[in-house]
Amino acid sequence: MAKQTFKGRPVVAGDINGKALLSKQPFNPTSSYIENIWGGATDKAPCTDQDNKELYKKDLNGVILCTSQCIGSSMGGAAFMAVAGLGVAPKAMLYSYHIDAVSASGIVMANVWQEKPIITIDLLGDEFLKAVKTGDPIAVKKDGTVEVG
Amino acid sequence: MACAAVALLPGNVPAQAAKAGTASTGSGVNHVLTKGPGTPEHALYTERQSDMLGLGPDGKPDPGYKATGVGVTPAKTAHDPSKPPHQMKLTKEEQDILDGKKGKALAKVMRTVVDHGNLFGAPKLVDLGGAPHTSFFTGTPAMAPLIKAFTECANEGLKAYAPYTINPRPFDLYNVQTSPDEQNMIFEGYPLQTEIDHLHVRLGGRNLDTRSCMCYLPEVGNAPKKGTFTAWAESSAVNAGNSILGIRTNRNSCGMDLMCAILGKAPYFGLLTDEGRKAKWLIEVKTKGEPDWGVLGGAIGEKCVEDVPYIVGIDKYFDGKITPENVHKMKAMGAATASNGAVGLYHVEKLTPDALDHGRDLLAKGYQTYVIDDKEIERVRGTYPNLWPKNVKKPNRAYIGCPHNTYHEMVSWGTRIRDELKKRGLKKVAIPTHFFSATVVRNHMFYEHPVMTRDLHKAGVTFTNTCVVCFSGLKGYSKSEFGVTNSNKCRKYSNSIYVSDDNLIESIMTGKLVT
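For the protein sequence lines, the chains are A and B, in the order given.
Mapping the first sequence onto my numbering, position 64 (from 1) lands on 64, and the numbers just tick up by one.
Mapping the second sequence onto my numbering, position 195 (from 1) lands on 1195, and the numbers just tick up by one.
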């Protein structure tokens, strides 16, 4: 596939390569990380959000998660902190829209309080979500550039 | 500081394989999960306790949902890479704090608040007044990282800038969860509750008898003056504070509220600004009589999501002003706007402080109009699903007080239940009926109406200071408890069925579902 490049805003800047995992619908961290925050899972992060057909039961550990933004309870920020603490957070979070307050809180606090940054880019635009598919190779640059393919 | 400054410095990405290994929840929680509704199933109920779900009226995710959750849609929806990252201006004192001159923990608090504000384009920090209110209240395993962070603050002697109020405790072992099975579920589900309660004492939280989502009631006493900057969390309190009191707060996430409280400052953006408080929607209420306040709020929330509505046509139901006797109508409507959508502020013509000052000048250029008449109320009500299993036809609990009851609501509902029991020759209500309120509000009722309170209690009415949403959505309860409620917020976050006041009384008297 032809490589496509998108420019977003670095929320937590960094360079990383990995495979895309796409959630076209907004990602719900609280519903998705129940096994980690309630169930005692520490070496994987199986998605527990039944409402998310694209991600349900897939391992979220180490993926580059591509979505529009996050939704759900304010516990979602703590959920990001929890998986960051366990070392099973996504390698990167890529948002097509403006980052939401819940995930912003968790991602900022994980960075500041746990020193476990989750590289995060937002404002990548609607075309980004149309272009990316699960399994696509992704390269994230610290200036907010995201290469798909 | 070793951490990567958000949007400023490249992050040093540590190996993901390096595990902290500290967040194990132990076998107890697993034990509960295997015998209850189960982890994934329960996730839905847990999640429905929350705000900003992004779910459509059918309970399914809304693919077009876009809301940042801070209470106002951001102006910036595209990135301009030619411009440098936004950086707010800090005073010398603020910069000193950031540089660690007043301690390591406070520097991290400052970094957190500044980084968060930068993401939303805040130009500066503002000093907070009044007192904080926090939604950091559930001692679940998920809260372990936040507890650790705030313990670091407490260990350095940091406290909130003023004694603060806190959401209700998520359970009540004295009045509600009284069986051994229920108590097991509580102790296994909330293993960190004592830690979080103790932490609040260390950070300057107020006594347990003031625990409530309705912090602004006179008995609880957290009602800052109009125009005061605060950084509250709890969607219904934010919504009421901004709208009824006229304070200025964004919808803060759990954790960010206390970070701002410890710092005594918040980023200046969104609902703190004049521009952010402009209404993008004109809501014309044209019902023939007094509307169903919960459905009205639900309709507004679904339409506006997180934009500010300016509501006209309802001031006539408030006798000219908001009073302790009628504030519950505003509460019911507002909480529904915040839970069925993500509304952090609404204006009501001729009633709320901003509207009294500025009238329709609050309408933003290009605002949209939404007319709500009786037909629309019924259309919206008709979209509310019945989440009970098909074989369940009768309620087994009645919930009154989400958000928590006011004193006048308690007296009004208490009088009605007492009189109906007498009229029908009944000694007890047909199903357990729970009144939810702050303990200090309940005490007010005890003092003023001791005989009625005694008679209600003997008839099966429970007075509790816990949170109805936490209770009705609790792990293990969702398949055994089928409540009826007068709260659209409670409906939204649990399997409870929302009914009119008349039908709720009928259910309490007969044990039947009346819709």
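Hints were generated in silico from the structure; no laboratory data involved.
For glycine and all other residues, C-beta sits at the position ideal for the given N, C-alpha and C.
It cannot be assumed that every hint is accurate.
To be verified - Derived Cβ-Cβ restraints for the label pairs, each shown as a range:
(1) B:Lys1101 - A:Pro137: 22 to 30 angstroms
(2) B:Ser1500 - A:Gly149: 51 to 59 angstroms
(3) A:Glu147 - B:Asp1127: 42 to 50 angstroms
(4) B:Gly1221 - A:Gly149: 29 to 37 angstroms
(5) A:Glu115 - B:Thr1510: 55 to 63 angstroms
(6) A:Pro137 - B:Asp1209: 33 to 41 angstroms
To be verified - With a Cα cut of at most 27 angstroms, we get these calculated BS3-like pairs of lysine-lysine:
(7) B:Lys1159 - A:Lys142
(8) B:Lys1148 - A:Lys44
(9) B:Lys1390 - B:Lys1350
(10) B:Lys1390 - A:Lys53
(11) A:Lys130 - A:Lys142
(12) A:Lys91 - B:Lys1148
(13) A:Lys142 - B:Lys1390
Claimed, not checked - If the Cβ cut is set under 10 angstroms, some of the chain A residues that face chain B in the computed set are:
(14) Gly8
(15) Val11
(16) Leu22
(17) Ile34
(18) Gln69
(19) Ala78
(20) Gly85
(21) Met109
(22) Val112
(23) Gly125
Verification of the supplied hints:
The given range of 22 to 30 angstroms is broken by B:Lys1101 and A:Pro137, whose C-beta atoms sit roughly 45 angstroms from each other. Distance hint for B:Ser1500 and A:Gly149: a CB-CB separation of about 57 angstroms, consistent with the stated range 51 to 59 angstroms. A hinted range of 42 to 50 angstroms for the beta carbons of A:Glu147 and B:Asp1127 is consistent with their spacing of about 44 angstroms. Taking the beta carbon of each, B:Gly1221 and A:Gly149 are about 59 angstroms apart, not inside 29 to 37 angstroms as hinted.
At about 59 angstroms, the beta-carbon gap between A:Glu115 and B:Thr1510 stays in the expected band of 55 to 63 angstroms. Distance hint for A:Pro137 and B:Asp1209: a CB-CB separation of about 58 angstroms, inconsistent with the stated range 33 to 41 angstroms. A threshold of 27 angstroms between alpha carbons decides the hint, and for B:Lys1159 with A:Lys142 the separation of about 36 angstroms lies outside it, so the pair is violated. The straight-line distance between the Cα atoms of B:Lys1148 and A:Lys44 is roughly 22 angstroms, inside the 27 angstroms bound, and the hint therefore holds.
Between B:Lys1390 and B:Lys1350 the alpha-carbon distance is near 46 angstroms, which puts this suggested pair outside the 27 angstroms criterion. This hinted pair checks out: B:Lys1390 and A:Lys53 have alpha carbons roughly 25 angstroms apart, not beyond 27 angstroms. For the hint pairing A:Lys130 with A:Lys142, the CA-to-CA distance comes to about 22 angstroms; that is within 27 angstroms, so the pair holds. Straight-line distance between C-alpha atoms of A:Lys91 and B:Lys1148 comes to about 23 angstroms, which keeps the hinted pair within the 27 angstroms bound.
This hinted pair does not check out: A:Lys142 and B:Lys1390 have alpha carbons roughly 53 angstroms apart, beyond 27 angstroms. Hint status for A:Gly8: holds, given a least beta-carbon distance of 5 angstroms to chain B, under 10 angstroms. The restraint placing A:Val11 at the interface with chain B holds, with a minimum CB-CB distance near 6 angstroms, inside the 10 angstroms limit. Violation of the interface hint for A:Leu22 is found here, the shortest Cβ-Cβ separation to chain B being roughly 13 angstroms, above the 10 angstroms cut-off.
Given hint, A:Ile34 at the interface with chain B, holds; its Cβ is 4 angstroms from that chain's nearest Cβ, closer than 10 angstroms. At its closest, the beta carbon of A:Gln69 sits 7 angstroms from a beta carbon of chain B; the interface hint therefore holds under the 10 angstroms criterion. For A:Ala78, the interface hint holds, since its Cβ comes within 10 angstroms of a Cβ in chain B; the closest pair sits about 5 angstroms apart. The criterion of a C-beta within 10 angstroms of any C-beta in chain B is met by A:Gly85, whose closest approach is roughly 4 angstroms, and the hint holds.
At about 6 angstroms, the closest approach between the beta carbon of A:Met109 and any beta carbon in chain B falls short of 10 angstroms, and the interface hint on this residue holds. The restraint placing A:Val112 at the interface with chain B holds, with a minimum CB-CB distance near 5 angstroms, inside the 10 angstroms limit. Satisfaction of the interface hint for A:Gly125 is found here, the shortest Cβ-Cβ separation to chain B being roughly 7 angstroms, below the 10 angstroms cut-off.
Hint violations for this structure: numbers 1, 4, 6, 7, 9, 13, 16, all remaining hints satisfied.
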